[in-house]
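> Here the protein sequences line up with chains H and D, keeping their order.
Using the numbering used here, the first residue of the first sequence is number 1, and each one after it goes up by one.
Using the numbering used here, the first residue of the second sequence is number 1, and each one after it goes up by one.
Be aware that a few hints might be false.
Partial chain H-side listing against chain D, Cβ under 10 Å, derived [what the hints assert, rightly or not]:
#1 Asp-165
#2 Val-206
#3 Asp-248
Capping the alpha-carbon separation at 27 Å, the derived lysine-lysine pairs in DSS-like fashion look like this [stated by the list, open to error]:
#4 H/Lys-228 / D/Lys-63
#5 H/Lys-286 / H/Lys-152
#6 H/Lys-273 / D/Lys-71
If you're looking for bench data, these hints aren't it; they were derived computationally from the structure.
A virtual CB, placed ideally from N, CA and C, is assigned to each residue, including glycine.
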Amino acid sequence: MSARSLLSAFSRASSCSFPRRALSTRHAISRPTGGAARLPSVTFACRAYSQQTPPDPSSSTSQDPKQNPLHQTSSGERDRATVGVFTPTAAALFVLTGVGLFFYFRNEKEKLLEQRRKEREDSQVGRPQVGGPFSLTTHKGEPFTEKDLLGKWSLIYFGFTNCPDICPEELDKMSAAVDKLDTEYGPIVQPIFISVDPARDTVAQVARYVREFHPRLVGLTGDYATLKATCKAYRVYFSTPPNARAEDDYLVDHSIFFYFMDPNGQFVDAFGKASTVGDVVERVKKEVARWEREYGRKV
Amino acid sequence: MGWFSSSKSSETLDPTSRQDRQRCWDSRDAYFACLDANNIVKPGDEGNACAETKKKYEQSCAKSWIDYFNKRRVLADQQQGVLTQARTQAESVRSR
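Given these sequences and hints, build the entire structure.
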């Protein structure tokens with residue numbers, strides 16, 4: 001059978017197997033006087049419908065439905081009775097709509113997920129590469145590495161104990177912010193001071209320095225190479241000459257930001273001299289809230 | 001202590017002590033107030049006008065700190081001048 005005749009056979013089959021109810025309007029038009037929808041009248045309507053399509057060489061076969069393999073409803077009454085309103089067309093329409101809706105909603109959901117994922121990625125993409133591995137010594141003489149930053153939010157300030165005024169001011173600001181956050185959340189924010197003056201900032205010197213700021217402030221120091229590497233990882237500039245001696249009287253020119261890192265040790269933000277205690281507290285709170293939404297906990 | 005090399009004769013300054021830092025800042029403020037009273041910007045230009053406060057200042061602060069504070073005072077003054085100039089310029093433009 002050619003494709004053309006198959007198509008016409010299908011069109012006939014589908015148009016002729018309309019259920020009684022679906023066909024009733026057309027039936028009424030073609031046979032306004034027709035009462036009960038008996039087989040002859042339906043086949044008449046059927047033929048009338050199929051004749052509306054362009055003349056087909058194979059249309060003669062429709063005269064004898066038995067010759068049409070698709071038109072199995074030679075006795076259309078039995079067919080209509082068995083299928084009821086659920087005809088192949090209705091079934092096809094139903095299935096198509098269902099499949100269409102399924103794919104549509106799946107597509108929509110995927111789009112939404114994609115958008116959400118992109119949003120999350122954006123916030124990651126926007127993060128500068130600040131931080132990295134380091135190995136320093138605390139003011140108590142204990143080792144401290146980047147792994148000790150994990151599981152807590154941290155505020156990290158780079159400075160030196162002989163700093164005339166900016167470092168103490170910034171450390172006071174940081175301590176005040178930590179105090180406020182402590183009352184809000186408990187000790188989930190770790191304040192850290194990292195020295196950029198290895199020649200003069202011994203463990204003992206740093207210990208004396210940090211105790212006057214915050215009871216939980218951790219002071220870190222190390223040798224020149226270690227501190228230089230740490231500062232490089234944190235994008236901190238400092239000018240201490242490598243050959244400075246402890247008894248020299250000099251100042252260190254250095255970056256005066258303090259960093260805000262998340263419990264994964266990832267950089268979140270930096271605060272400069274212009275930021276107030278309130279600014280710092282608000283920023284930390286915002287980030288903790290976001291963290292809580294994402295992970296269901298504060299750290 | 002080693003880092004206070006400028007005036008070994010006076011009491012030593014411990015930069016790790018909040019109290020010592022505050023003492024240095026106070027003496028600086030007193031000295032700068034004296035300079036202001038004499039209309040002097042650059043520390044050292046005042047002659048003997050502020051000898052007393054200057055002595056206290058030099059006793060209370062490390063040499064490096066003094067250099068830093070003095071430089072910053074001059075810079076702040078220059079900055080003030082630039083800002084004032086910018087403001088008057090902006091006002092003259094606005095009134096035109």
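> Give a verdict on every hint.
Here is how each hint holds up against the structure:
1. Asp-165: Because about 7 Å separates H/Asp-165 from the closest Cβ in chain D, which is inside the 10 Å limit, the hint holds.
2. Val-206: holds (8 Å)
3. Asp-248: holds (7 Å)
4. H/Lys-228 / D/Lys-63: Judged against 27 Å, a Cα distance of about 26 Å means the pair holds.
5. H/Lys-286 / H/Lys-152: The hint holds at about 15 Å.
6. H/Lys-273 / D/Lys-71: Status holds; Cα separation ~19 Å.
Violated hints for the displayed structure: none, as all numbered hints are satisfied.
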